[in-house]
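Asks: Each chain, written out:
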Amino acid sequence: MARMKFLCDTERCIECNGCVTACKNENEVPWGVNRRRVVTINDGVIGAEKSISVACMHCSDAPCMAVCPVDCFYKTTDGVVLHDKDLCIGCGYCFYACPFGAPQFPQAGAFGLRGKMDKCTFCAGGPEADKSDAEFKKYGRNRLAEGKLPACAEMCSTKALLGGDGDVIADIYRERVARRGSKGAEAWGWGSAYGQPPKGAGGAAPAAPAGGKS
Amino acid sequence: MEVEQASTPAQQAGQTVKRDTAAWNNEPLAAGPKWTKGDRTSWEEQIKRRQLAQHEHKRIYQ
Numbered sequence: 213m214a215r216m217k218f219l220c221d222t223e224r225c226i227e228c229n230g231c232v233t234a235c236k237n238e239n240e241v242p243w244g245v246n247r248r249r250v251v252t253i254n255d256g257v258i259g260a261e262k263s264i265s266v267a268c269m270h271c272s273d274a275p276c277m278a279v280c281p282v283d284c285f286y287k288t289t290d291g292v293v294l295h296d297k298d299l300c301i302g303c304g305y306c307f308y309a310c311p312f313g314a315p316q317f318p319q320a321g322a323f324g325l326r327g328k329m330d331k332c333t334f335c336a337g338g339p340e341a342d343k344s345d346a347e348f349k350k351y352g353r354n355r356l357a358e359g360k361l362p363a364c365a366e367m368c369s370t371k372a373l374l375g376g377d378g379d380v381i382a383d384i385y386r387e388r389v390a391r392r393g394s395k396g397a398e399a400w401g402w403g404s405a406y407g408q409p410p411k412g413a414g415g416a417a418p419a420a421p422a423g424g425k426s
Numbered sequence: 084m085e086v087e088q089a090s091t092p093a094q095q096a097g098q099t100v101k102r103d104t105a106a107w108n109n110e111p112l113a114a115g116p117k118w119t120k121g122d123r124t125s126w127e128e129q130i131k132r133r134q135l136a137q138h139e140h141k142r143i144y145q
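Protein chains in written order, with the numbering used here: chain A, 213 to 426; chain B, 84 to 145.
Next up, chain A with everything else stripped away, as it sits in the complex (with noise of 0.2 Å):
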């Protein structure tokens, strides 16, 4: 069974942002509303700079979804995390909870106005009649009802950003791991998290790929 899932490898992202204006382009975000960006650590550093392309994660438990006091998220059976526009009253508890940043929300008005929130769909559209106007308008293109991928990761210049089935991914990555000598693993694994030093700073091994977990 298909779960849909993003891994960006940040050994391949070259900060190219063409995820970024695929994604606008595709599902005619509009100003203000990033949906996808890419974070850049150690800028400026030469050999040190890492970048990776951050949208939501659609995770398996959700925490946009758990906090949500008007229920409006549910999540489909490929694990695709989509909210429903119409019940959705722009508290912004969403974007508190999400780790990730995803919630996006196009006003910055009086009192707190927020505006419905907006995020990454996985290209899956939302709840209104698949590849109708409706659902064009609210929530951008439903790409997986045509049969295709999010046009991010199939624009990625580098192949880096990585969009698909969770089993996929985790081959594709595993075997570039294995082909490039475990460089990149560790900025996923439990040695980065947990304070101990990355390989090759005499530190320990790196730990195994993101695409192993749920």
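Everything labelled a hint here was simulated from the structure, so no lab data went into it. A few of these clues could be false.
Simulated crosslink set (DMTMM-like; lysine to aspartate or glutamate; CA at most 25 Å straight-line) [stated by the list, open to error]:
1. B:K141 - A:E240
2. A:K287 - A:D298
3. B:K120 - B:E110
4. A:K349 - A:E238
5. B:K131 - A:D342
6. A:K328 - A:D377
7. B:K141 - A:D342
8. B:K117 - A:E358
9. B:K131 - A:D283
10. A:K371 - A:E387
11. A:K343 - B:D122
12. A:K297 - A:E387
13. A:K349 - B:E128
Covered, in the sense of this in silico footprint (three residues per stretch, anywhere, with C-beta under 8 Å from a C-beta of chain A), are these stretches of chain B [to be verified]:
14. 104-116
15. 122-130
Note that the coordinates shown come from a computational prediction; the quantities given were computed from them, not determined experimentally. Backbone N, C-alpha and C define an ideal beta-carbon position, used for all residues, glycine too.
Position chain B relative to chain A; hints supplied.
Replies: Chain B only, in chain A's frame:
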């Protein structure tokens, strides 16, 4: 809350119940990827084949 497709978020008072059609329950585009409408397996198989374009060691030319 995980719901089966063609199922809905919790109904709110006065709100219309929303339903979300599964991606495989759509007719394939004339010039696009092909699968059998209603057949989840065929849709998933073609998605996984399409994904191999992201894997340059096994790339297939579409």
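Asks: So, for every hint listed, does it hold in this structure?
Replies: Evaluation of the provided hints:
1. Among the hinted pairs, B:K141 with A:E240 is inconsistent with the structure: their alpha-carbon atoms are about 32 Å apart, more than 25 Å.
2. Pair hint A:K287 plus A:D298 holds up; C-alpha atoms about 16 Å apart against a cutoff of 25 Å.
3. Among the hinted pairs, B:K120 with B:E110 is consistent with the structure: their alpha-carbon atoms are about 6 Å apart, no more than 25 Å.
4. Under the criterion of a C-alpha separation no larger than 25 Å, the hint pairing A:K349 with A:E238 is consistent with the structure, at around 12 Å.
5. Restraint check for B:K131 and A:D342: the C-alpha separation of about 21 Å stays at or below 25 Å, so the hint holds.
6. A distance of roughly 29 Å separates the Cα atoms of A:K328 and A:D377; the hinted pair therefore is violated under the 25 Å criterion.
7. About 32 Å separates the Cα atoms of B:K141 and A:D342, which puts this hinted pair outside 25 Å; it is violated.
8. For the proposed pair B:K117 and A:E358, the alpha carbon gap of about 9 Å is at most 25 Å, so the pair holds.
9. Between B:K131 and A:D283 the alpha-carbon distance is near 31 Å, which puts this suggested pair outside the 25 Å criterion.
10. Of the pairs offered as hints, the one joining A:K371 and A:E387 holds, with about 14 Å between alpha carbons and a cut-off of 25 Å not exceeded.
11. With a C-alpha separation of about 18 Å, the suggested pair A:K343 and B:D122 falls inside the 25 Å cut-off, and the hint holds.
12. This hinted pair does not check out: A:K297 and A:E387 have alpha carbons roughly 39 Å apart, beyond 25 Å.
13. Between A:K349 and B:E128 the CA atoms are separated by roughly 29 Å; this puts the pair beyond 25 Å, and the hint is violated.
14. Coverage of the segment 104-116 of chain B by chain A holds in this model, with 9 residues showing a Cβ closer than 8 Å to a Cβ of that chain against a need of three.
15. Under a criterion of three residues with beta carbons nearer than 8 Å to beta carbons of chain A, the stated coverage of the segment 122-130 of chain B is upheld, 4 such residues being counted.
The structure does not agree with the numbered hints 1, 6, 7, 9, 12, 13 stated previously, though it agrees with the rest.
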